[in-house]
Amino acid sequence: MSAPVVQISHLHFGPASKPVLDNINLELEAGHFLGIVGPNGAGKSTLLNILAGLTQPSGGHIDLFGKCLTRFSRHALLKQIGFLNQLHDHEPRLPMRVRDVVAMGLSNYTMPWQFGDHDGALMSALQLVDMQNLAEADFRMLSGGQRQRTRLARALVRQPRLLLLDEPSAALDSVRQEKLFQLLRRLCDETGMSVIMVEHDIAAISSHVDSVACLNGQIHHHAMKGEDIPEDIWRAMYGDHIHIMAHDAGCIGCGPSDVHKPHDHGHVS
Amino acid sequence: MIDLLTQFWVSAVMREALIPALLIALVTASMSVMVMAHRLSFLTVGVSHASLAGLGFAVTLALPLLPTATIFAVLIALLLALMPKKKGISEDAGTGMLFAGSMALGIVLISNAASSEVDLFGLLFGNILTISSAELNWLYLLSALILLALFLAARAWWSIAFDAVTADASGLPVSSLKLLLYGMVGLTVILCVKLAGIVLTAGLMILPAACAWIWGRSLFSLWLLSVIFSLAGTLLGLIWSYAYEWPSGATVVLTLCLFFMISWCSNWLKCKLV
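First to last, the protein sequences are chains A and B. Residue numbering for the first sequence is 1 to 269, as defined by our numbering. Residue numbering for the second sequence is 1 to 274, as defined by our numbering.
Simulated from the structure, these hints should not be mistaken for lab results. Being a predicted model, the structure only gives us computed values, none of them experimental. Any given hint could be a false lead.
To be verified - Some but not every residue of chain A turned toward chain B, in silico, with C-beta under 8 Å:
#1 Ala52
#2 Leu54
#3 Leu78
#4 Asn85
#5 His90
#6 Leu94
#7 Met104
#8 Asp130
#9 Leu134
#10 Ala135
Said to hold, decoys possible - Here are a few chain A residues that sit away from chain B, every Cβ distance over 10 Å (derived from the structure):
#11 Phe65
#12 His75
#13 Pro95
#14 Gln146
#15 Pro230
Built from N, CA and C at the ideal position, the CB exists for glycine as well.
Chain B with its partners taken away, still in its complex shape (with noise of 0.2 Å):
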């Protein structure tokens, strides 16, 4: 255990994609709750996999992968917060929609694309030990922009989520702030990208929370107990991916998978047992 350890420590590519997997894990974690407490599970399904379409215009028309999908992420996400009102659909159904059409666009986009360098399997299920300084730096701008975000609405995101009707009556910009929620989960779904793919990006999304919902007892402690399942979850995923030679992105949603059946098997039987 200790070889393995002092292995994986040693190894260069691992040790460069160690800081970006935990900063990723740290925002995403931050934002699991929110998308949680806000029930926007589905939504960010429904991002990460639209947000295909925006890689594939990006492969078809030669532009930066990550800026392009994060512009059509943020749209996507945006375009979902204003679509139930203005056109009586949904949330669900118009997530539907459009996570069916951008990735089937996105699909078409790739397949025409004479590229042949594209590598479809790491933009599917992320492959953080490939990652490059100017994608770093990507990463970097997008984690400091949704701290930021966090630091100044996140009172206002919770008070919205306990009670939407209050908040509104109490002098918060409800429809503003939802805006810029939705805006800060299309950021973060690309920002797990690069982790865990478009495919698996939900797992990071919604994962962490999940385990912090089965033991949180307060606001903070199911922040706080996000970001360590994440934070462990990443690390140990990585760890293993590294010892077995598994896909990276795959064996954190796993690992995270893995903490949420304990904590829910020992809150079943603490449950049963009390």
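Just chain A, with the same shape it has in the complex (with noise of 0.2 Å):
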């Protein structure tokens, strides 16, 4: 049987006092899909910088495909992952092209005695976001979904083994998320690839994913595929200033407690 894709154990970051993440375990096998919920501040994006390399935990300890995190070189473990982080802006005034966006992705990009063909690497990448027809497009005139699915292909552009995913369906109307998760699912499903998606709506995710951690500085809950997340595990989250709302499958979900919109939340379907 092959190692899990990722093992954390113990996992700590921040002061003793006051830890941003606590005592985090979480396994992960090839072409798992799992969900990260929480609230902000929750440490989801850290515990995303921490896989990538980005951030040093203050203690515990991190495997990566039966590896310890700390032996792999920079360069050894982006070859084997795919980072999309928290949308932020980027230079407007740089006139790039849509493939030269994606070509940053590569790992030889910045090697100019590299400048081997990248186009079969780009198109496909690009073909997965259904983005091919715009590889000439100005990335300065695109919509701020086409972006968003222009750093994801950036991000797949190395057929990564495990993709992390910082709340990728910002700026993509209804449609393009759904598409979006069934893409991630399909890649999970024919390449073996794992993800680990950060996420604020729980019902856009729970029919595509495997699992879902339930985060906010500790994992109050990891729910696996067809699993209700308890209402305590919500408020635990959330607060008890809540609204929790349950629909007709038994599931349960919550929201600001001044709102009563039902929502089908919180049913890993």
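Mind docking these for me? Both chains are given alone in their own frames, and the hints should help you get the complex.
Printed below as a string of structure tokens:
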């Protein structure tokens, strides 16, 4: 049996008196699609940054592909990992084509003596996100959603074994969101790539992921496919002043206490 | 016109100045797009003015002018690269302080220097026509270093300019590459001093890319247009300076300013009409 793609044991980050992440334990097999939900400031992005090797944990142990994370060189780690960080501004004045932006994800992009033909990898990545017709387009002229899909293609262009996504559906409309989650599900099933995705909308991801980890400093609950997330978990994460919503399938979700709009939340179907 | 060009070409002084001037134009234009992409225009102003202190030390201690100024400019640029992170001072404030302090130090040192041979006007406003063979060798060395750095790091610098956070996540050593960029800006500033002087160097470092930015539609076209504007501006500027006996550095910068105004107005008209 092959080693887990990710094995996190007793991970700790931040000062002992007020840890950002405390005693995190997770295990991910090849092809597993994990969603992480939690309130703002819960440590979700920090966890992804630690896995991407951008932030050093204060304690604990992480194995990636059966090898301790600290034993990976930066270059070796990046060959295996694709990372899409939270949406942020890029330099808006640079006349970059879509293909230039995607090419930045290639490990040999920065080496001038390795100007080899990247077209195959670039076009495959763009095709995955349905952007192949916009390869020559000016990135500055794209909509927010098209830019986000381009950034996703950049994360996918190296065909990573582990994909880390921090709110990838930000700026996408609901149809594109659904297409994105379907694509990630397909990549997990067909290529064995594992995905860890931070998202806020559990209703949107619940039918695609294999499991959902509820994170707020600690992992309060790790719900496997078909499992409900108990009401007390939502309260532990978001506080008591929330409106808990149940729907006909017996699932539980939450929203602000002054909003009574029913949602299909909380069930990993 | 033909007579003027013939006279320009047969003039030994002009012919000797032409190759180094065009080399400076080529290297500066290539770095100019990086300066614009990384929003380092004020840094070039600061480093060029701060290099007066380096020249002051050279004059006071009877050291070679350009090498001493080069070391000083690179140190100032690296200090500015490190300062914001270490001291919590914003980059523009740090640049402003070093700019004023170093320039004041340079003025005091030069005014106290016993030597009356210092060509202060040449230092401040440049004079490519008086370039010596030692200075020429120094320019060749600096040009080779800057072009090599551009060849090796240009793509990485573009990536960082576009999205530093993702560049970091993609494994680029962003801090080291930024230090290298700042160091190369320091070298380029010194390269320009002989042509445009301390006061006008920023014009050579900013204007070619500013013109290119109006027309460029890809990274390659930005670089190419910047080089074309810079070479054309330098050549035309030298010809005009010869024809009207104007200072060469100032005429080159004025020509580049003219290119920018024509580009900007043409683009404005194009936007209005289309």
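Do the hints match the structure? See the list:
no.: 1; hint: Ala52; result: 6 Å, holds
no.: 2; hint: Leu54; result: 6 Å, holds
no.: 3; hint: Leu78; result: 4 Å, holds
no.: 4; hint: Asn85; result: 6 Å, holds
no.: 5; hint: His90; result: 4 Å, holds
no.: 6; hint: Leu94; result: 5 Å, holds
no.: 7; hint: Met104; result: 5 Å, holds
no.: 8; hint: Asp130; result: 21 Å, violated
no.: 9; hint: Leu134; result: 15 Å, violated
no.: 10; hint: Ala135; result: 13 Å, violated
no.: 11; hint: Phe65; result: 17 Å, holds
no.: 12; hint: His75; result: 6 Å, violated
no.: 13; hint: Pro95; result: 5 Å, violated
no.: 14; hint: Gln146; result: 16 Å, holds
no.: 15; hint: Pro230; result: 35 Å, holds
In terms of the numbered hints stated before, the structure departs from hints 8, 9, 10, 12 and 13, listed from lowest to highest.
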